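*Asks:* Please construct the entire structure, taking both the sequences and the accompanying hints into account.
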Amino acid sequence: MTVSHDASGEAVLEHEENIVGHLHHIVSWQTYLAVYAALLFFTIVTVLVATVHLGEFNTIVALSIAVVKMLLVLLFFMHVRWSGSVLRMVVLAGFIWFGIMVVLTMSDYASRHWDQGGSAAPNVPGVAPVVQQVNSEQTNH
Amino acid sequence: MADSTIAVTSTQAVEVHHEDPALKHQFDTPEQQYGASMFGMWMFLSTEIMMFGGLFLGYIVYRALYPQAWHEATLHQNWIIGGINTIVLITSSFTVALSIYGAQTNKKRLTVGCLLLTILFAFVFLVNKYIEYSAHYHEGLLPGKWFNTTEYSRQTELFMLFYFVMTGLHGIHVLIGILILSYMAYKAWKNTFHSGYYTPLEVAGLYWHFVDIVWIFLFPLLYLMGGITFGGGH
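Protein sequences, first through last, are from chains A and B.
Residue numbers for the first sequence follow the numbering used here, so the first one is 5 and each next one is one higher.
Residue numbers for the second sequence follow the numbering used here, so the first one is 98 and each next one is one higher.
In short, the hints are calculated from the structure, not lab data.
These figures come from a predicted structure and were not determined experimentally.
All C-beta atoms in this analysis are idealised placements derived from N, C-alpha and C, irrespective of residue type, glycine included.
Partial selection, computed: residues in chain B whose CB lies under 8 Å from chain A:
1. I187
2. S190
3. I310
4. F314
5. P317
*Replies:* As C-alpha cells, this is what we get:
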C-alpha cells in the first residue's frame, strides 16, 4: 500500500472500488454480443445432447451446460467479473446456502433407507409405491 | 504544502456533492451510493435463490424417489416452445445488457429501444407460456380435479405440480419484470439516466438476468430430462 501525501481522497475511492466494484466500468457491446452468441450456442448444444440417449449422463451434461450458461450471465451480463470482494461474497453466499440445503437434505434421503437395502425408494412406477412408502416410514419411526 | 493539497481535494469533493442531483444526502460519494445499491440488490437476489432453491430441492428429492415417473412426465412437455422461450429470454437479457451500455455511453435511443425490445420479448415469453398451459389443461395434465388420473400416474401429477408452481412463480417474476422495465423505459425516456447515473437501470437489469438464470435451469429440468426426439413432438 502506497499512500502518497496528497492522495488521501483517492485512497478512499480505491478502497470502495475494491469492495463493491467499479462505478463506471463500461462493458463493450462486442463483449455482450460474444456472450449472447455463446449462450445461444450452449442452448442448441443442450437440446442436441437431449436427443442422444446417454442414461444418467444426460442429466449431468444438461446441468453442466446450465451452470456454464449461468456463469456467463453472472460474470458478464451481471458484471460480477468486474465487481469487488464484498459483492462476490454475497453472490457466493446465496449459492453456498443453497448447496448446504441440497447436500444435507439429499444425504438424509440417501441414507434413511439403509435398513431396506440402501435404495432411497422402490423403483416401481405407478401409484402403489407412494402408499407403500408412507406406510413403511410410519412403521419405522 | 501537503495540507493545502488535501484541503483543495476535500473542497472539490464537497462541490461534487452539491452538484450531483442523483446523490442522496445520506451518502458521502456516488461510489458509496452505488455500492449500497448493488449490495442491497444482491442480498435480495440471494433470498430469491433460496425461494426458488426450495422448489428446486423439492424437484431433486422427488426425482430421486420416482426417477421413472419423472422421466416419463418430461415427455409431456413441448420442448420446442420451451426452447424458443429459452432463446427469447436469453435475447431479452442481451437487450437489457445493451440498454445499460446505452446509458453508460449516453445513447438514449439505444437505451429506450432495447428496454422496449426486452418488454416485447417478455410478452412473447408469456404468450408461449399461455399456449403451453392451455395445452396441458386440455390434455388433463393440470393437477387437482382437472387431472386425468386414468391416463397418467399420480407421480406424473406430482411432477406437473412442480412444473406449474416453478414456471408459475417464474412467470410472476416475468410479469413483475415487465412492470419494472416499463418504468425504467419511462425514466430513460425522461432523461433520468446518463453516463454518470444509471443505478436503477443496472439494478433492474440484475433482476431480469436473475429471472433468465432461473429459466436456464428450468428448461433442462422440466423439458429435456426424459430425452427428446425431432419430429416426435416431445
